[in-house]
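Asker: The lines below spell out each chain.
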Amino acid sequence: MNKFFADSTYDGSFGAVEFAENPEPRVPCVLIVDTSTSMHGPRIGELNKGLKVYRDELLCDALAAKRVEVAVVTFGGRVTRKVDFVTATNFQPPTLEVVGGTPMGAAINTALDMIEERRQQYRENGIAYYRPWAFLITDGEPNDQWQPVAARIRAGEQRKAFSFFAVGVKGANMEILQKLSARKPLWLQGMKFAELFRWLSNSQQAVSRSSPGDEVPLVDPTQGPDGWAFV
Amino acid sequence: MKSGMLHEVIDSEGEKYLLDELLGKGGEGSVFAVHGKPALAAKVFHKNPPAPETVAKLQAMVASRNPGLDGIAAWPRALLYSSHTGEACGVLTPRVRDARHLHELYGTAARRRFFPQARWFHLVLAARNVAAAFDALHESGILIGDVNQGNLLIDETMRVRFIDCDSFQVRSGAQTYYCPVGTPHFTPPELHGVKLRDASRTQDHDRFGLAILLFHLLFVGRHPFAGRLFGDRDQTIERAIAERRFAFSKDRTATLMEPPPASLRLDDLPPAIEKLFERAFRQPDGVANRPTAQEWIQQLDALLAERKGCSFDPTHLYYSRLSQCPWCRIEDEGGPAFFVLDGSSSIISPQRIEHLEAQLYRLKFPAFPQLSPQSFKVPQAIAPKRLQSYGQPTVADLAAVAFAGSAVACLASPASPLALAVGALGSLASGAALMLNKSAIAKRQESGELADGLLAAQNDLNRKSRAITAAHAKRQASFDQATAELKTEVSHYRAADGQLKDVLALFRMTQLNRFLTNYLISEHASEIPGMTPALASVLQSYGVESPLDVTQMNLFAVPMLHDGLTLELFAWRDRVSRQFVFKPEHGVNFSDADAGGKAAVQRFKVTQARRILMASHHLDSLAAASRNQLERELTFFDRSADSARELAKNLRAAQSARRPLERIINQSPWMIAASTLAGPAAGALAYWLFG
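If you read the sequences in order, they're chains A and B. Residues in the first sequence are numbered from 390 upward in steps of one, following the working numbering. Residues in the second sequence are numbered from 6 upward in steps of one, following the working numbering.
There's no promise every hint is true.
Said to hold, decoys possible - Chain A side only, calculated, beta carbon under 8 Å to chain B, not exhaustive:
| # | residue |
| --- | --- |
| 1 | Ala409 |
| 2 | Glu410 |
| 3 | Asn411 |
| 4 | Asp450 |
| 5 | Ala451 |
| 6 | Leu452 |
| 7 | Thr478 |
| 8 | Glu486 |
| 9 | Val488 |
| 10 | Gly489 |
| 11 | Gly490 |
| 12 | Asn514 |
| 13 | Gly515 |
| 14 | Ala517 |
Calculated from the structure, these hints are not laboratory results. Glycine included, C-beta positions come from ideal geometry on N, C-alpha and C.
Bound-form chain B, shown alone (with noise of 0.2 Å):
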């Protein structure tokens, strides 16, 4: 909107209404305050003029108005015109105030700040509200259309209110006008993939979107689709919704999912709304049975008289059936306490700490998978067999022994010089026969194409295993580092009664240490009069790198550091340091533990414990996890060492199939050429010494 052309605005009797500051901007108009009116609203489209239908469409929505609507809705009052102009140009509303977002009731940091009073009960007497204004609305044959968790706002006393009531879809006459607008998480399956302009919205549709409202508002913000997916799939929530997969639903079989961790369960409610949502989520195609608006009213109100309290913490309210408090199980496994008492030290009863200590105290550190070098067998070539007997002599076996007659001859060579001929040539002539010939040439093909198979097939495997061992030490690394971690952190919990600050001395220097190396000289390195790159990176190869560095004993070992930079980087730490702001891990400071004692021990206990705990479960599914890794590997490692097996297998078959002296010389054409030359070589040698 171009500010001084809108400021004034006419209703249809002629009053004048003029606009004030911007309170939000959507999709079709911006919303405006009206001048010394604090009870109304304008929206003024960004379409001018808007369509005719639209004006329509609110013409008969003003004509419908009533208190009911009132009551439940941000319910349009009257069409604005343009008082230059006299077109349609917007539409005058209540304006709800004190009020928030409803996801702002949910969000459970929004909820801490905006509601602190809120436990479970006031988001269940939320949701029955929510109903009831559903139900108000599609008593008067209006629907929603568009459920969101932006168009319902929520005061302190948990009444409720619907803004933006221009996309309903309502009726005038014979007329329908549609809403044309979906919010896909909250969007029933029949309608994904359907062109929303012209689709003529049904109740059952805006039940789906109701029950995920009630859902988000009961469990705290999750929506009942978001789950951890059985395998290793990616999956939208639409898909989700698509497919029926509720990802509380009791039968997991069917929706392949679970429900996140640190989630209130379907069975925390009573019986009847578990059947409730599962007929909202899980309903097959053709059917048009979801929970009515009324039926929710009914199983909530009657929850809201089954409410029960913790006995361990007073901001625990759950339903009264059950044998153990849901929000004390979530937050034992490690999960947050969604309801905090208002004001920063909370009661804790005494029962509550004596739980938590008992946890810790059957506290178990998982064992880590072992890996041992015999995990790792790499096949070796065997020895051939020495068989009884061979078969018929191929030309490669007699070349074979005619060498050894040449060598024979050749040594003869001292008694006369013709045997050295006969032997020489004898000798060059096997050779050349093993050479050429043509089994001769497959056979040693073969033998040398398996062992050289095995060879690679070792080098692999030994590869294999150094890269599984290099990951496992790895893995078991960081599990010991974790391990010693949670170990010192189970000894700040003991120590916490006696020196509470000295507990947070400690956290303090471990998280004033953390940003100290994380703040590098070569990145701030203009802090520092007279630093250069050149003379950061020297120092960094002196193992000065962060303020953490800079001691008297470290800089003595630089050379060429002269006293004035010295002196700089003093100064420079000192700064640094003074930058670092503590944080307080578990709300509790210096001041608390200086006044509060007892409450700031215990607070501190609580919190302490159970990180402590679900660091516990963490560390758990680490070890599972490294078992199953390993396990994987190994299983791996020995499908690709069965291969190198097989190969081995092979290579000694083929090798004891050959007569041994075959074997030795007809290995390689360098051992046949050396053969060939050995024998008159030493017939040589003989007959020069002896001849």
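Just chain A, same shape as in the assembly (with noise of 0.2 Å):
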């Protein structure tokens, strides 16, 4: 692959344009999402309809379209780096499409190194930027070693450097994300991606506003008209 030269928005390693013209504060969230066969059918269908609210719910905000970088990790059979980081104005929501089985440990890894690829890019570029946001959406269990990453995520969270999110869609082993995620795992109610993605991008939004380093209480997604989530 044209490691230097291709397109600017793809490629961070030549980032000091891109964050020359846009000096913002970034706000990263990486998706880590399931795409194993178990997803198939209606579900992967609203996952990449929930994609595209996330888009635009994103843009709506002038603000938050400049400071918050999305990249999707998928696992389905293998671990692809489907999207890498991007501001939201040039997201563009990937056709996510099922197969294989469940490499859970390896995408979350190579999750949390995009992440520390990109935190180091911040840095060289003088960029400041808010804790970053892993967020994993899998029906499954895990097919690979996943313990190591659970030290991984525990050590990561407690140095404060990225939160991690769990959501079960049915079918997941909660017992395994629980042990995972330093966090309480949450159950996606039904397939209500939609709801679930428009309240990242109003958590994310509100992180935006807020300043690197501040806790921002997040809305809580169990209760009221658009929770998405059980515990």
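Make the complex out of the two chains shown on their own, each in a separate frame, by following the hints.
Answerer: Following this line, the structure appears as structure tokens:
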């Protein structure tokens, strides 16, 4: 792959222009999405629609659109960096398709690596950033080694290097998600992907208006008409 | 707000207003258009009824309204009441139209869209007007409190107006209404951690926020406290503010920061403005002497009068006393073009092209640091020294000699079986002595441990050297690839004059290939009728993974592939290829190349040249980083080797102190056992053969 001359929104290694043109502080968020075969049918369809809702909601907010950066890692059969970090303005929601097994551990590792790389680029380019988000959505259980990843997540949360959220769709192994995540994993109500992504966008808009380092209280996603989760 | 309930509101005079569409939603209320009155807006509070203090503050603000304030702010006109309950529920304000948030002027992408004509001059003018608006409020005894990028609007003429004025700190008689909120990136260090609800703001606090806003404007969106921190640490903007780490400051030994790449520098501005920024951002505790809005107006007015246009690029304006255009400098370093000419075809002066050509001509490809196998010296065990004298013989030495004597006795067996018996006994006795004697055990163990330690250390070092070599090779591979790509891009640049279309075709091909390689059959099996995951993995094992691999040649090699599926695969490949959309990387597309001729070539060349220069900078830093990394790794290796060398030395010293015979026999229990048995066995054999 052409490493240096790829589209600047696609390749971060030449971010100087990107960051000079938009030096706003960033809210990086990597979505770690299960695309194994168990997600087939309406689930993946709703998830794809949810991604579009996410983009549209972010774009409604001029400041969030400049600050929130999205990346997508999928795991179905193999781990794919579907979308590398782009600001919401340049985010083209991919159409995800289902295939194969559930290498969740490897996917989380990839996502955390991406966060680390992005952080390095922020530092090199003098860009302030908020605590990165890693957002896992799955309806299964890992079929690879996930225990070392759990330790990595715990250490990262402790250092406040990122916030890790796990959302289980019906069928997910909550016991493992519980062990993976320092926070309590949430169940998705039915297929409320649109609500989930709207919540994600709203929370990130709130974060993008706070200051890097602040704890922003998130709206409880299990409550109210816009709720999408249960514990 | 529940609609229907508050559709109609009234002011204190009883005049009715109908609420129209929702314009925006904030922390305290929602803003609506007012039906039939395009110049007005109504803010309805979320909290119903609002706190008595909120109402009192708004009443005071409405009472203090004057034309001066109306000119620079959407100052509250009247309180609004619910027509049902008669309770206060909101506030009527002017609606500022045809204006955008300030960050949409200093943010480059938004500026291109909403203010395409704006140059740096406009940003300076906007800064001057922001300072003037602050000055007017301060003159009236009003403080902004929550200075941020969102509560100022700016229009095409660079006129600024404050919105959300109800958070201001205002006085009415003896009563002061505080500003309960703040935006941390604009908050001075002395207010960090202070409960803003009960904090009396001062003009000096506002002046900190003012300086931050002005900095954003003059430095096209940069925050003064966001830069590169020396050392490997993370830092938030708040902490930088608290520690006075002004990233653009001249005093880098104090701030330990440097400005981010591709940004304006502090000395690109007049010295007087430099000083104002240093004063605003590095004010020590206990002093309240940040520059006033008046001071800023004066200096910014002076700068407006001293601007100069760049001879290369008409969109570049800068401070006239500079010897070189700072925007050209940024672009030459590979930074972006912050200001663009309206419309797609820009005027690029021939000098600019010449200048870039000259830079490209001087372009050097950095050398990658070499790593030779000689860099890794793994210490080996050294032969023991032969000493002149060995001191008092120990039990072990005597036993070793006894071994030799017993062996001789054993071999005398053909002469007399008794000799064999004596020898065997002697051998056993000396073996037992060596096995059991304390000092013999100690000697054996000491040398044994040292030898084991050395072996382990050697293995470790070999592993390290392999790891370092592999990491280096990996870095070199990516460096080599980058260099090769850069060379290709230079050739594209050179080819652009004659064959722009060919170059574009090449770009298109690269993009298409990238698109296709990422479009995996296994992930899109459902798009191909008859494709199953099992078949997809069979195809994968024959190297057919993406549409790019779908060729007659490749498919022939795959067994069990029936014609129908082959046809479907081809059809799919064509469908996928049609989905691809070419993104012109330099804003130059095929139709430009057809129509534009020279202008398109120039535009292409300028952007291409910039990318090349930027990439070459990256290559330099890649080489330098690899050199540092290699040095670090080799130092690390040497340090590990030092301890192994120490071990080898100790082993040698320990071995040298032993008599050679004892050293050989007293190596290990196995060696002793072998020696014990060897003499008698040889004697027995000799006796059987010759006896």
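Asker: Next, verify each hint and record whether it holds.
Answerer: Here is how each hint holds up against the structure:
no., hint, in the structure
1, Ala409, "4 Å, holds"
2, Glu410, "4 Å, holds"
3, Asn411, "6 Å, holds"
4, Asp450, "10 Å, violated"
5, Ala451, "6 Å, holds"
6, Leu452, "7 Å, holds"
7, Thr478, "7 Å, holds"
8, Glu486, "5 Å, holds"
9, Val488, "5 Å, holds"
10, Gly489, "7 Å, holds"
11, Gly490, "10 Å, violated"
12, Asn514, "5 Å, holds"
13, Gly515, "3 Å, holds"
14, Ala517, "5 Å, holds"
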